[in-house]
Amino acid sequence: MTETPDRKLYLGPLTDSRRWDRVSIRPDDVIAVTPPKSGTTWMQTIVALLFSGDPDVETNLSVKMPWVDIRVREMSEVAERLDAMTHRRCLKSHTPLDGLPLDDQAQYICVFRHPLDAHFSCRTHMQNIPMPWFGLWYPEDDADGVTFRRFLDGGPEGFDGDALPLAHILRHYKCALSRAGRSNVSMFHYADMIRDLPGTFARVARLLNITHSDAVMEQLIQSASFDHMRTHADRYAPAGGTGFMKSDTDFFHSGTCGKWIGKLSDSELAAYDAVMQSCLTPEDRAWLEYGSTGQEDG
Numbered sequence: 076m077t078e079t080p081d082r083k084l085y086l087g088p089l090t091d092s093r094r095w096d097r098v099s100i101r102p103d104d105v106i107a108v109t110p111p112k113s114g115t116t117w118m119q120t121i122v123a124l125l126f127s128g129d130p131d132v133e134t135n136l137s138v139k140m141p142w143v144d145i146r147v148r149e150m151s152e153v154a155e156r157l158d159a160m161t162h163r164r165c166l167k168s169h170t171p172l173d174g175l176p177l178d179d180q181a182q183y184i185c186v187f188r189h190p191l192d193a194h195f196s197c198r199t200h201m202q203n204i205p206m207p208w209f210g211l212w213y214p215e216d217d218a219d220g221v222t223f224r225r226f227l228d229g230g231p232e233g234f235d236g237d238a239l240p241l242a243h244i245l246r247h248y249k250c251a252l253s254r255a256g257r258s259n260v261s262m263f264h265y266a267d268m269i270r271d272l273p274g275t276f277a278r279v280a281r282l283l284n285i286t287h288s289d290a291v292m293e294q295l296i297q298s299a300s301f302d303h304m305r306t307h308a309d310r311y312a313p314a315g316g317t318g319f320m321k322s323d324t325d326f327f328h329s330g331t332c333g334k335w336i337g338k339l340s341d342s343e344l345a346a347y348d349a350v351m352q353s354c355l356t357p358e359d360r361a362w363l364e365y366g367s368t369g370q371e372d373g
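For the working numbering, add 75 to where a residue sits in the sequence shown, where the first one is 1.
Think of the hints as simulated: they come from the structure by calculation, not from any bench. It should be emphasised that the depicted structure is a prediction, and the values quoted were computed from it without experimental measurement. All C-beta atoms, glycine included, are put in the ideal place defined by N, C-alpha and C. There are no misleading hints in this set.
Beta-carbon label-pair distances, calculated as ranges:
{"hint": "1", "residue 1": "Met160", "residue 2": "Ser342", "range": "48 to 56 Å"}
{"hint": "2", "residue 1": "Gly274", "residue 2": "Glu358", "range": "17 to 25 Å"}
{"hint": "3", "residue 1": "Phe301", "residue 2": "Asp81", "range": "37 to 45 Å"}
{"hint": "4", "residue 1": "Thr368", "residue 2": "Ala345", "range": "21 to 29 Å"}
{"hint": "5", "residue 1": "Arg146", "residue 2": "Gly274", "range": "31 to 39 Å"}
Between the sequences and the hints, there should be enough to build the whole structure, so can you do that?
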């Protein structure tokens, strides 16, 4: 059974959540639901490796595990391709859960990252893709700090939502928290994936009811390591090898936490703290920023 009532509409230059109306969700589907630049490609790669059991699988995520919300492809073509798939499917969404149809059996895997890390990763990403309409939010020369002000001030929907403001990340997080009691909605954190990639693989495998031998799992985990994915960026980056991005390798820019440290002024950090304190409990904020440990590593 799929729940669809009272779905919120997310509509922006990239996103149209109504496209999900054309998707017939299957009970064994896996749907990766994340804010941008929060570990989507990494999680989908893990799923692709577990599905196949092949450390050399050609992931081809943009075609085999499509981003349903994005408006750059005709939805009729995407729906036809999805309907024709005979294997188990993984779909991608940057729409918060309140804008998606929720099936009782499909697995929804939500991945989060420290909002400031996601923001600085997005700064790098926007300079690497041919989408000039985001230049107003992410100017190359930003001596006045426009980019960070818009990160704090932007709304969670519409054009703003597609530019990844803090409000959009918080909307994703609150929607996931409110549904985390469901057996088919799970939450992962980028920092935990860095700390314990084997543990992440084991947890995802349990959720998807997939088993492989220890030897195979070791090979799959190695294939999903940051260094391996960056070295083979033409295979693992979305649309890798097609020339869409200026550099496939730069899609995997650093794969680290704390990208923002030393790059924001005291007043900028204070403004960020004020928003976070007003929107989240201390416990929820600690998880969103640092994952299961609730604190910065080191």
